[in-house]
Amino acid sequence: NAGVMQNPRHLVRRRGQEARLRCSPMKGHSHVYWYRQLPEEGLKFMVYLQKENIIDESGMPKERFSAEFPKEGPSILRIQQVVRGDSAAYFCASSPPRGRSPTNYNEQFFGPGTRLTVL
Amino acid sequence: SQELEQSPQSLIVQEGKNLTINCTSSKTLYGLYWYKQKYGEGLIFLMMLQKGGEEKSHEKITAKLDEKKQQSSLHITASQPSHAGIYLCGAHPLYNTDKLIFGTGTRLQVFP
Chain A
1 NAGVMQNPRH LVRRRGQEAR LRCSPMKGHS HVYWYRQLPE EGLKFMVYLQ KENIIDESGM
61 PKERFSAEFP KEGPSILRIQ QVVRGDSAAY FCASSPPRGR SPTNYNEQFF GPGTRLTVL
Chain B
1 SQELEQSPQS LIVQEGKNLT INCTSSKTLY GLYWYKQKYG EGLIFLMMLQ KGGEEKSHEK
61 ITAKLDEKKQ QSSLHITASQ PSHAGIYLCG AHPLYNTDKL IFGTGTRLQV FP
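So the sequences go chain by chain: A and B.
If you use this note's numbering, the first sequence corresponds to residues 1 to 119, in order.
If you use this note's numbering, the second sequence corresponds to residues 1 to 112, in order.
Hints listed in this document are in silico derivations from the structure and should not be mistaken for laboratory results.
Idealized CB from N, CA, C, for every residue including glycine.
Do not rely on the hints blindly, as some may be mistaken.
Chain B side only, calculated, beta carbon under 7 Å to chain A, not exhaustive [claimed, not checked]:
1) Glu41
2) Asp98
3) Phe102
Subject to a maximum C-alpha distance of 35 Å in a straight line, what follows is the list of computed DSBU-like cross-link-like pairs (lysine-lysine) [what the hints assert, rightly or not]:
4) A/Lys44 to B/Lys56
5) A/Lys44 to B/Lys36
6) B/Lys17 to B/Lys38
All chains should be modelled from the sequences, with the hints used to inform the complete structure.
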């Protein structure tokens with residue numbers, strides 16, 4: 001039973017280029033979350049998606065960042081015109097559909113992360 | 001907004017010693033999670049606590065949530081080098097189980 005998969009694990013981009021980060025949730029999970037961990041800072045929520053829907057994007061920067069979770073395929077976090085301040089570890093997590101968790105909460109299972117370095 | 005504060009920020013212990021990490025919230029905690037992160041890797045789920053006074057154990061790690069649900073502790077008995085890493089507590093904001101907020105983490109080093 002494969003866990004949450006993210007690729008690439010490491011990504012190097014020059015300023016102004018685009019970064020695309022992919023996340024495949026665990027089998028049977030329909031909810032995806034993206035978090036960012038800046039150097040020497042904690043993990044911060046960015047966006048929560050379900051298939052073809054953005055549910056909560058309150059943590060997304062207003063510009064250059066977008067996320068999608070299409071009907072088929074992985075969730076994508078896209079960063080346009082990257083700047084050095086975007087260098088961070090980006091983590092994806094997934095959870096099962098509502099009502100299928102053994103608890104009242106949606107336990108989130110995390111992927112290994114993508115480490116983005118902007119030169 | 002709700003914030004989680006962890007203490008200590010870092011901890012260096014000798015192998016075999018016991019240790020405790022604390023997580024304190026400014027508001028009532030709903031669904032308190034403990035994760036471990038090894039450098040350069042993802043988060044490994046350890047335990048989740050829901051009810052006030054709840055306590056769970058897994059191998060040598062015990063987590064507790066106080067009755068008021070504003071503080072949790074993670075206790076490691078007879079620490080080993082394999083316990084080294086960053087321990088993160090996370091919780092759902094009030095009435096919102098769609099996201100987690102995290103503490104700043106506690107970096108644990110265990111030397112032989």
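Violated constraints from the hint list, given by number and in increasing order: none
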